[in-house]
Structure formats: C-alpha cells, structure tokens
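Below, each chain spelled out in residue letters.
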Amino acid sequence: RKEVEQDPGPFNVPEGATVAFNCTYSNSASQSFFWYRQDCRKEPKLLMSAYSSGNEDGRFTAQLNRASQYISLLIRDSKLSDSATYLCVVIPNTGFQKLVFGTGTRLLVSP
Amino acid sequence: EPEVTQTPSHQVTQMGQEVILRCVPISNHLYFYWYRQILGQKVEFLVSFYNNEISEKSEIFDDQFSVERPDGSNFTLKIRSTKLEDSAMYFCASSDRGGRDEQFFGPGTRLTVL
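Chains as they are written, first to last, in my numbering: chain A, 1 to 111; chain B, 1001 to 1114.
Among the hints, a few may not be true.
Far from chain A, by Cβ distances over 12 Å, these chain B residues were calculated [as the list claims (entries may be wrong)]:
(1) Thr-1007
(2) Gln-1014
(3) Glu-1018
(4) Val-1024
(5) Ser-1027
(6) Lys-1042
(7) Leu-1046
(8) Gln-1064
(9) Ser-1066
(10) Gly-1072
(11) Arg-1110
Label pairs and their computed distance ranges (CB to CB) [unchecked claim]:
(12) A:Ser-68 - B:Ser-1027: 22 to 28 Å
(13) A:Gln-69 - B:Thr-1013: 39 to 45 Å
(14) B:Arg-1022 - A:Cys-40: 19 to 25 Å
(15) B:Glu-1053 - A:Ser-26: 43 to 49 Å
(16) B:Glu-1001 - A:Asp-77: 23 to 29 Å
(17) A:Gln-69 - B:Ser-1081: 38 to 44 Å
(18) A:Leu-74 - B:Ser-1081: 36 to 42 Å
Hints in this document: simulated from the structure, not taken from any laboratory. Heads up, the beta-carbon is just placed ideally off N, CA and C, and yes, glycines get one too.
Generate coordinates for the entire structure from the input sequences, incorporating the hints supplied.
Quick look at the structure:
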C-alpha cells in the first residue's frame, strides 16, 4: 500500500464551483499533514496544514480524520488561478524531517 | 522575501559523468533537504542535513550520492556517476527549526542524463 494515496484527477470545474480532494495515508502514527500546491514544472509550495479541528484559510479548508487516516481539502468559489496540482503531504513518525508526498491531484478551473 | 535559490536551472550530462547541483538555502535556516521528482511522478525525499551531517536519508540516496555544505551559504548534491534513471527535477529545501517547521523549496534543477 502506498504511504500517501490521492486520486490523480484531473478535476475539471467551472469558475465559482466548490471542489474537494481527498487523500489517505497508511502510517497511523504519522505526525503532521499538509496540502502543498505545485504549478507545472515548478517547486511545491505549502498551501496549509490539516488538523483534526479543521483549518480554514479564506476559500480553502483542510481537514484531518485520524481515525480514517484521511485528509481532505475543500476549495470554495474556484478561481482560474487555482488551476494546479495539489499535493497531499505527510510527515511520518519514522523521521521528523522528511516530507512524504502523494502523487498529486490535478485541478483545472475553466471560465 | 527570502528564498531558496538553485543553480543551474538545467543540467545536461552524459551517463557516467559526475554532476554537482548547487543550492543556497535561506540564510538563517539550519535544516537542509534534497528531494527529486521524476517527470510525471511524485516528489521523493532524498536526504536531510543538519549541523554538518546527514540526519536522515532514503533508499534512493545510495553511495553514488553525497551532500556537502562547503561554506556558510551553499548546500550541494553530488551524483558521482550518473545513470539514465537519475534524470529528474532536483529540489533543494530548507527550514528554520526542522521537525514540522515549513520547508521552503527552491525552483529546482532539471537534470537530464543522456
């Protein structure tokens, strides 16, 4: 089983739509959970952390469900500029420093 | 805003040659990392470096790879004898305090091995 699994998409949505991405992780003792954004051929950039209590930042909400080992990202009122690949990232308990990435979910927002 | 820089942006080399990829981390950061991303695949951890030594490395980071912080600003990744399968984007990252602290990524070096 992969450490971090994501639906690769692409998700094609119109501007203004709400879209949700999901991710599962295999190591129940994982420490920290993030969503990163990666534009084509660019470096990953931290979008936000995911917590059990939820984390909302403007149009973006990240949620962690430890019992189900599941992380979600909700984007409301999608913009054209949201088009990118969204990477689910976990810090496993085996090391406090390495980031373990999922393969990413591609989002395409159209006018 | 401080940023991680990497040189060169693109490196083309022949199989069996040595390459050195260079990174300048954010100046007050103490933890340094290398990741790679083969085209169309996920980002993979290679190595982390703190206090002038490797703190963690992946299975990918075999004897062909080495890292060094030769001075107070640069952080390098050396591949001793490149293979075709080393072709990838290599990202350097740095963080202030390690652990769960945000890792800031450089723009990457695209390595092409012919």
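| message | Of all the hints numbered above, which does this structure not satisfy? Sort the numbers upward. | response | 6, 7, 11, 12, 15, 18
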